[in-house]
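Chemist: Produce the complete structure using the sequences and hints provided.
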Amino acid sequence: MNMKKLILGIGVGMLLLANSSVSMAQQAIENLRKISTKGTAESEVTPDIIYLSISLREYFADGNAKKKVTIETLEEQLQAGALKAGIDKKNFTIENLWSYQSQSSRKKDPTIMQSRQYRIKVTDLSKINFLFDAVNPEGVQNTSIAEYQYSGEKELQKTLKIQAMKDAFTNATNLAEAINQKVGKAILISDSPIPVVFASYSTRSNNMMMMSKASGADVAVEPKLVDLDIKPMKITTEIDVVFELL
Numbered sequence: 001m002n003m004k005k006l007i008l009g010i011g012v013g014m015l016l017l018a019n020s021s022v023s024m025a026q027q028a029i030e031n032l033r034k035i036s037t038k039g040t041a042e043s044e045v046t047p048d049i050i051y052l053s054i055s056l057r058e059y060f061a062d063g064n065a066k067k068k069v070t071i072e073t074l075e076e077q078l079q080a081g082a083l084k085a086g087i088d089k090k091n092f093t094i095e096n097l098w099s100y101q102s103q104s105s106r107k108k109d110p111t112i113m114q115s116r117q118y119r120i121k122v123t124d125l126s127k128i129n130f131l132f133d134a135v136n137p138e139g140v141q142n143t144s145i146a147e148y149q150y151s152g153e154k155e156l157q158k159t160l161k162i163q164a165m166k167d168a169f170t171n172a173t174n175l176a177e178a179i180n181q182k183v184g185k186a187i188l189i190s191d192s193p194i195p196v197v198f199a200s201y202s203t204r205s206n207n208m209m210m211m212s213k214a215s216g217a218d219v220a221v222e223p224k225l226v227d228l229d230i231k232p233m234k235i236t237t238e239i240d241v242v243f244e245l246l
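First residue of the sequence shown? That's 1 in my numbering, and the numbers climb one at a time after it.
These are computed hints drawn from the structure, not numbers from a lab.
Think of the CB as a built atom: it goes at the ideal place given N, C-alpha and C, for glycine as much as any other residue.
Each hint can be trusted.
Pairs of lysine-lysine residues, derived as DSS-like cross-links and limited to a Cα-Cα distance of at most 25 Å, are as follows:
(1) K90 / K154
(2) K127 / K90
(3) K185 / K158
(4) K154 / K121
(5) K166 / K234
(6) K154 / K234
(7) K166 / K182
(8) K89 / K127
(9) K234 / K38
(10) K38 / K154
(11) K161 / K182
(12) K166 / K34
(13) K38 / K166
(14) K161 / K38
(15) K121 / K89
(16) K231 / K127
(17) K84 / K127
(18) K185 / K166
(19) K121 / K90
(20) K231 / K158
(21) K84 / K121
(22) K38 / K158
(23) K34 / K182
(24) K166 / K154
(25) K34 / K185
Across the chosen pairs, the derived CB separations fall in these ranges:
(26) N174 / L125: 41 to 51 Å
(27) G184 / L125: 47 to 57 Å
(28) K158 / K38: 16 to 26 Å
(29) V45 / K67: 47 to 57 Å
(30) E147 / R33: 39 to 49 Å
(31) A178 / D88: 51 to 61 Å
Modeler: Here's what the structure looks like:
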C-alpha cells in the first residue's frame, strides 16, 4: 500500500514539474523582445492530371427494341479506349450504377435498361480522345471533369515553404533595421496551409444523341465531347514566424 502511494506521489510530482517547466518556457518567450511577420511564396502551374466522370447507358441500335446494346458491350468499348490511351486498370473504376425503364419500348412490359458511371484518371491528356472515339456516342449519357490535380504539388509545396520562410526573415530584417535592431532566431513558426482549388474550366456534357426533326425523319446529331480548357493556376504558401529581436 505504501509502495503504491509512493509511486503515485512520484508520478504527480513529475507531472507538476513538467507543467512548471512548460509554463516557465512560455513565460520566457513572452518576456523576449520579438517581432511577428508573414512570409509568402507562390508559383504558377498547369494541372497535368484529370479525373473524368463518364456515364454510359444501354440503347437500342437503329431504334430497334430487339437490338439492345448492353452496358457490358459499352464498358468493353470504353475499356478498349482506355487501354489505347495508356490508362492503367487501377485508374478505371465504377462509381455508380442504376436501372430504368425504357421509354421507347413498345412492348407491353417495358424493357429494363442499365446505366453505369465511371471515374477515370487520365495523366496523358494528348490521348484523351481515344476514350471517346472507342464508344458509340449513343451509349454515352454524360461526360464531365470531376477533378484536376498537379502531380508535382507535394514537392512544389516543400519548395514554396522554404521560400516563404526566407521571405518572412527578409521582412522581419527590414522592419528591425528600420529601428536599428537585428533579428535573432525564430521562436515560433506557424504554417498556414492555403487549399489548392483549381479554377473552373470549360467542360461540356456529352448527352445522348440529340434528335432533331427534319422532313419528318429523325436526324442524329453527334454530340460534342469534353472541351478541355486547362488554365494555369497559382499555388500559394504562407508562413507566420515570430523572431527574437536582438
